[in-house]
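Using the sequences and the accompanying hints, generate a full structural model.
For the protein sequence lines, the chains are A and B, in the order given.
Each number in the numbering used here comes from the position in the first sequence (counting from 1) with 1 added on.
Each number in the numbering used here comes from the position in the second sequence (counting from 1) with 3 added on.
It is possible that part of the hints are untrue.
Quick list of the computed label-pair ranges, beta carbon to beta carbon [claimed, not checked]:
(1) Val143(B) <-> Pro47(A): 27 to 37 Å
(2) Gly195(B) <-> Ile101(A): 30 to 40 Å
(3) Ser208(A) <-> Val143(B): 37 to 47 Å
Far from chain A by the CB rule (all over 12 Å, computed), these chain B residues [said to hold, decoys possible]:
(4) Gly73
(5) Ala92
(6) Phe134
(7) His163
(8) Val214
Sample of chain B residues at the chain A side, in silico, Cβ under 8 Å [said to hold, decoys possible]:
(9) Val126
(10) Ile138
(11) Glu142
(12) Asn245
Treat the hints as calculated values from the structure; they're not laboratory data.
Every residue, glycine too, gets a C-beta built ideally from N, C-alpha and C.
So the chains spell out like this:
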Amino acid sequence: MNAQAVASSSRRRRAAGRWRAIRRYPALLAGLTLLSLLVAAVILAPVISPYPPDHVDLFHILAGPSWAHPLGTDELGRDELSRLLWAGRTDLRVGALAVIFPFCFGTAVGTLSGYYGGLLDAFVMRIVDVVIAFPFYVLVIGLVFVVGEGTRGIYIAFAVADWVVYARTVRATTLVVRESDYVAAAKAGGLGDLRILLGHVLPNTISQAIVYIMSDVVLVIVAVVTLGYLGLGVQPPTPDWGSMVSDGQQFLTTHWTLATLPGIAVVLTGLSLSLVGDGLADRLRPQ
Amino acid sequence: MVIGVAAATFLLLHAIPGDPARQVLGLHASAAAIAALRHRWGLDSSLASQFGRYIGDVVTLKLGDSYVYGLPVTTIIAQRIGETAGLVAIATVIAVAITLPLAAIAASHRDRAADHAVRGVSVIGLGMPSFWLGIVLIEVFAVHLRLLPVGGSGSGLLGHLEALLLPSLTAALAIVPLLVRSLRVGMLDVLGADFVAAERANGLGELRVLVWHVARNALIPTLTLLGLNIAFLIGSTVIVENVFALNGLGSLLVSSISSRDFPMVQAITLVLAVSVVAINLATDLAAARLDPRIRLR
Numbered sequence: 002m003n004a005q006a007v008a009s010s011s012r013r014r015r016a017a018g019r020w021r022a023i024r025r026y027p028a029l030l031a032g033l034t035l036l037s038l039l040v041a042a043v044i045l046a047p048v049i050s051p052y053p054p055d056h057v058d059l060f061h062i063l064a065g066p067s068w069a070h071p072l073g074t075d076e077l078g079r080d081e082l083s084r085l086l087w088a089g090r091t092d093l094r095v096g097a098l099a100v101i102f103p104f105c106f107g108t109a110v111g112t113l114s115g116y117y118g119g120l121l122d123a124f125v126m127r128i129v130d131v132v133i134a135f136p137f138y139v140l141v142i143g144l145v146f147v148v149g150e151g152t153r154g155i156y157i158a159f160a161v162a163d164w165v166v167y168a169r170t171v172r173a174t175t176l177v178v179r180e181s182d183y184v185a186a187a188k189a190g191g192l193g194d195l196r197i198l199l200g201h202v203l204p205n206t207i208s209q210a211i212v213y214i215m216s217d218v219v220l221v222i223v224a225v226v227t228l229g230y231l232g233l234g235v236q237p238p239t240p241d242w243g244s245m246v247s248d249g250q251q252f253l254t255t256h257w258t259l260a261t262l263p264g265i266a267v268v269l270t271g272l273s274l275s276l277v278g279d280g281l282a283d284r285l286r287p288q
Numbered sequence: 004m005v006i007g008v009a010a011a012t013f014l015l016l017h018a019i020p021g022d023p024a025r026q027v028l029g030l031h032a033s034a035a036a037i038a039a040l041r042h043r044w045g046l047d048s049s050l051a052s053q054f055g056r057y058i059g060d061v062v063t064l065k066l067g068d069s070y071v072y073g074l075p076v077t078t079i080i081a082q083r084i085g086e087t088a089g090l091v092a093i094a095t096v097i098a099v100a101i102t103l104p105l106a107a108i109a110a111s112h113r114d115r116a117a118d119h120a121v122r123g124v125s126v127i128g129l130g131m132p133s134f135w136l137g138i139v140l141i142e143v144f145a146v147h148l149r150l151l152p153v154g155g156s157g158s159g160l161l162g163h164l165e166a167l168l169l170p171s172l173t174a175a176l177a178i179v180p181l182l183v184r185s186l187r188v189g190m191l192d193v194l195g196a197d198f199v200a201a202e203r204a205n206g207l208g209e210l211r212v213l214v215w216h217v218a219r220n221a222l223i224p225t226l227t228l229l230g231l232n233i234a235f236l237i238g239s240t241v242i243v244e245n246v247f248a249l250n251g252l253g254s255l256l257v258s259s260i261s262s263r264d265f266p267m268v269q270a271i272t273l274v275l276a277v278s279v280v281a282i283n284l285a286t287d288l289a290a291a292r293l294d295p296r297i298r299l300r
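And the structure:
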């Protein structure tokens, strides 16, 4: 019983310590709070949204806010609040997935390229230079054109266009780590390349890529929404913040909320992710 | 570098599933008609010889005819490129005009209210889609205040500039958060330098130190930063042109994609990528010119 009490009190103390650590970073705390609210809202969308997102009610089109429709309805009488929540579900999921592929691929390529150097490195860096020469949106739009609109197109386009920054960042830190004493020691100890890469190099280079992924996911979500706005992204009838803005644009003079609210949702998402990213960068930075 | 970019656009076009000749002639075209068109476009020769011919065409600026307009793509691009170039130029000026004072204020008031305000605003700006910002600006300045046109290219030089003002502001605001963040760090480095401490010790006023010495030293990082972000800026003009219905390359790119006009898409992508390479080279050269410590390899 005594041992249990000690264990639980030490756990409580550790939890309190962690809480104090988080409180030292108010921006991180604000970001985490906002982000968890947003994520909870979109996960619970099926439960909390008052209507299905595609529930058409032609008797109540372009209605203002009311008890039945807190944020009004769009040109087909669909409930704006429900559509915002369901669109967030789509955009957050697509954004999160679209950033995972370039992160994994770029990190792997950057690690190998930096560790082995030589011809492989020269070749990879040439490709990186070429990809970076294309304006991001031009490349993504071109790739979506090639592989087809919709979520599959988005995943492929971002994987091709976005891996380069991860590859560059990870390669640069790998070059430093490769020359370190502990890698030399591991090599002298006869460890295989795979084990050195996974056990000694990657743990020391990955934090840079993780810091970058937090700011990158903001850019990616904004880009997913932008493609939706141009009609090249998530395809209707699946709700998406971008297509909601483009649908609402024609009613700007009379119903400005239709185009404005989805944008505010994007800004809030971006803000929460940036705050968390900056907070993480502060914490991970070597003192 | 340019050849690499050309190779990438070539691969992009040839990765398209399906046969462009069939796409253009439709499902019910005869096999002979398709073969004839494939031959005219040179699609029946080997990939390597197609690539060789393509590189030759790029060098001599023979980029083919648009499927939709029936004119050489170079002619159409030449008509449209001015609009995009003007947009990029004005947006760059606006971006620098906003960035410099903000970064200076943030750096000189480090960790005080002004710094937090500038950083907070730039964090919000990072997550703001530029198409949406454009719509909000239209809403405020064109619809409610009726100060500026809603869209289109305007007539006459003055009308043209007026029409470009909101789009340029939108495109500029897309890169300002990135620029402010980096330049603030750059200025903090300069502010911590020994020569600044020496000037302060000699009794120079804070404003004079900031404007005359720190800003001058921050100019080169700004230039390099602009070079690095120009690709992003050109990318956001593609979006902005669609929001404001401007007749530039960006709106042409998106409309060519929906009409599946392959040569047009290929040529615009190529032109935009090559201009990014050219601008990067120009800023590198200019930075080397301004700063004797930078030596080009």
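- Does Phe134(B) really sit off the interface, with its C-beta more than 12 Å from all C-beta atoms of chain A? Non-interface label on Phe134(B) violated, nearest chain A Cβ at 5 Å vs cutoff 12 Å.
- Item | Hint check for Ile101(A) and Gly195(B) - Cβ pair distance inside 30 to 40 Å | holds, 39 Å
- Proposed interface contact between Asn245(B) and chain A, which counts if any beta carbon pair is under 8 Å: holds, 6 Å
- Task: Double-check Ile138(B) for me: the hint is only fine if its C-beta lies closer than 8 Å to a C-beta in chain A.
- Result: holds, 5 Å
- Let me know if the C-beta of Glu142(B) comes in closer than 8 Å to any C-beta of chain A, holds or violated. This interface hint holds because 6 Å falls under the 8 Å limit.
- Task: Hint says 37 to 47 Å; check whether the CB-CB distance for Ser208(A) and Val143(B) agrees.
- Result: Holds - the Cβ-Cβ distance for Ser208(A) and Val143(B), about 42 Å, lies within 37 to 47 Å.
- Taking the shortest Cβ-to-Cβ distance between Val214(B) and chain A, state whether it exceeds 12 Å. holds, 29 Å
- Message: Minimum C-beta separation from Ala92(B) to chain A exceeding 12 Å: can you confirm that?
- Response: holds, 16 Å
- Query: Hey, does His163(B) actually stay past 12 Å from chain A on C-beta?
  - Reply: Given a closest Cβ separation of 23 Å, the condition holds.
- Taking the minimum C-beta separation from Gly73(B) to chain A, is that value above 12 Å? At about 21 Å from chain A, Gly73(B) clears the 12 Å cut-off, so the statement holds.
- Would you say the C-beta atoms of Val143(B) and Pro47(A) sit inside 27 to 37 Å of each other? holds, 36 Å
- Task: Tell me if Val126(B) is really an interface residue toward chain A, meaning its C-beta lies closer than 8 Å to one of theirs.
- Result: Constraint on Val126(B) satisfied, holds at 5 Å.
The structure does not agree with numbered hint 6 stated previously, though it agrees with all others.
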